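Asks: Taken in order, these protein sequences are the chains called C and A.
First residue of the first sequence? That's 0 in numbering that gives the first Met the number 0, and the numbers climb one at a time after it.
First residue of the second sequence? That's 0 in numbering that gives the first Met the number 0, and the numbers climb one at a time after it.
Read the hints as simulated data drawn from the structure, not as lab findings.
Watch out, some of these pointers could steer you wrong.
Calculated Cβ distances over 12 Å to all of chain C for the following chain A residues [as the list claims (entries may be wrong)]:
#	residue
1	Pro49
2	Leu134
3	Ile172
4	Gly343
5	Ser349
6	Asn350
7	Leu378
8	Trp388
9	Glu447
10	Val464
A few chain C residues facing chain A, derived, Cβ under 10 Å [unchecked claim]:
#	residue
11	Lys4
12	Trp25
13	Ala88
14	Thr103
15	Phe105
16	Gly146
For clarity, every value in this text was computed on a predicted model and none was experimentally measured.
For every residue, glycine included, the Cβ atom is placed at its ideal position computed from N, Cα and C.
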Amino acid sequence: MVINKKDCAAGLFFIASGALYGGMAWTSLPIGTALRMGPGYFPIVLSGLMALFGVVIAVRSLSIGPGTPFGVIPWRGLSLILLATVVFAAFIDDLGMIPGVFLTTFLATMASPQMTLPRTLGASIGITVFCTLVFSYAVRLPIPVIGPFFSGWW
Amino acid sequence: MDLLSNLALGFSVAFQPINLAYCFIGVLLGTVVGVLPGLGPLATIAMLLPLTFGLDPTQSLIMLAGIYYGSQYGGSTTAILVNLPGESASAVTTIDGYQMARKGRAGPALAEAAIGSFVAGTAATILIAMVAKPLTSIALSFGPAEYFSLMVVGLISSIALASGSLLKAMAMICLGLLIGLTGTDIYTGAPRFTFGQFELLDGIDFVALAVGIYGIGEIVRNLEHSESDRTVIAKIGSLWPSRDDLRRMVGPSIRGTVIGSLLGVLPGGGALLSSFVAYNVEKKSSRNSAEFGHGAIEGVTAPEAANNAGAQTSFVPMLALGIPSNVVMALMIGAMIMQGIQPGPNVVVSNPELFWGLIASMWIGNAMLVILNLPLIGLWVSLLRVPYWIMFPAIIAFCCIGVYSVSNSAFAVYTVTVAGLIGYFLIKIDCEPAPFVLGFILGPMLEEHLRRAMLISGGDLSIFVTRPISAGLLLIAVVMLVIVSRPTVAKRREEVFVEEDG
């Protein structure tokens, strides 16, 4: 039997999300009545509907044929890009615009498979200069150019 | 002549040099970013939102509207020259636009896109000016039941736009609505779905969510293909359409404008649906229908006119009812609230200069697009030559800086990370994000109006069908649902979207 992997995954995802949100609403939120709906009423209806759709999608996936292939997942790119955003969020306050953006773009550029070190450095420096000029000096966003982390250095 | 005096007020606001300047900057920046492949209007506006913070409300909205149609036009340029739709609404333009470009007629195709858009923009501006006022007075009579039904119509029509299965789109709506409910319950103050994070008590930041799904998710998807897969940029040649071209443009641009204007007003409609419908109508009705798919001028003009008209008239439900008809309008509402303006029927009364100034500036912005784009086309082409390995880190940096400064918190940037991951996963399993995002925006409003309606009716669901306007709206929703789920239509929908991918 050939199952449609994408649909099967989608169905299971919706069932799981429905169970998670429905469970949270059921256990922690008052439901109320149709007249005076509590905070849990609408979420439970929605989670129920979503899980139901999920079941139908999952069941149908067993019989509708293989569908389009899943394709490759660029794991390296995916993780480096997500890491770049996390690094930005974690360090921008302390590092400030120039070091923060440099670090973020440096990580992000490495997500592309064709990168060499000169390209990576060139792109990161260029983007950092551009962002600093535009966002710090032209738009005057309240992000420090050099953050407090470096304040004792000179 | 109420209309004329209102428009006069609008133009007096829009022609103030400072407002003209912001309109120009908006159109220019919007086009620059919109030209970049894979960046649609939503990501563009979200990225550029911080630039408008220091401005007063009128200026910032004029600039944002400029960014919106600028980015839409930029997307068409990319669609014609490299066969990559910069945003979903110009996907249709790639079909015939790129074929024209391959035959060495990229210049006329670009000129037609600009002229078609301008014609549509002019007509849509007049239409908005005419219907906005009456619509706001109708809106003032709307109760919670009507608002609820209107939003249901919006959600159902967003399904018609989603590629892939209806069931998935419906499930995505539910998921969006649920996630939209995150935060403090307005009636009881109970925290919902916050996973213990106090930052989530105010709900999930919409800008961060949108940037994650449409910005980061798209970039990861583009990384699946190596750079060599990208198509060559077509040569432009002479810009001017021949006399024969011009003659063939008239009908399609008028029909496209009409279709776009009507569908744009529909909640959940807007640019994407308009361009699909306009293309199909032309393909059916044109005498040159055999030429479609091989570089028919009509196939460029009609969808371009329609998507521009639709983009503009989608401001109507936003300005008149305070309900976003699509995700871009949701962002606009967010921007208005940040500026201290509550969107809804009262805006036209309390801020007439903002309301009419915005409408008038749309027309000026469209004129600027034509003036700006035809001479600067060489610049856009050179932008397209910037390799992707420089482009995407820059986009990531802009997204992070933008989101961080919109909410002034690092938490919002973490939201981008999570939304990017989930967005990519959803795209991978063929779940279109648009219904999810629309559900996310409408979730809290939908629940609030449902609860109010129930309080009014004493818990009786029949309130939705006994009030005539509400019943009419729900009937529209049911009819739409039946139409899109009929097997023949479902098959046709698939074909349209297959064409888009091809």
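Asks: Please go over all the hints and tell whether each is borne out by the structure.
Replies: Quick rundown of the hints versus the structure:
no.	hint	result
1	Pro49	6 Å, violated
2	Leu134	28 Å, holds
3	Ile172	9 Å, violated
4	Gly343	22 Å, holds
5	Ser349	29 Å, holds
6	Asn350	25 Å, holds
7	Leu378	17 Å, holds
8	Trp388	4 Å, violated
9	Glu447	10 Å, violated
10	Val464	16 Å, holds
11	Lys4	9 Å, holds
12	Trp25	12 Å, violated
13	Ala88	4 Å, holds
14	Thr103	6 Å, holds
15	Phe105	8 Å, holds
16	Gly146	13 Å, violated
Of the numbered hints listed earlier, those contradicted by the structure are 1, 3, 8, 9, 12 and 16.
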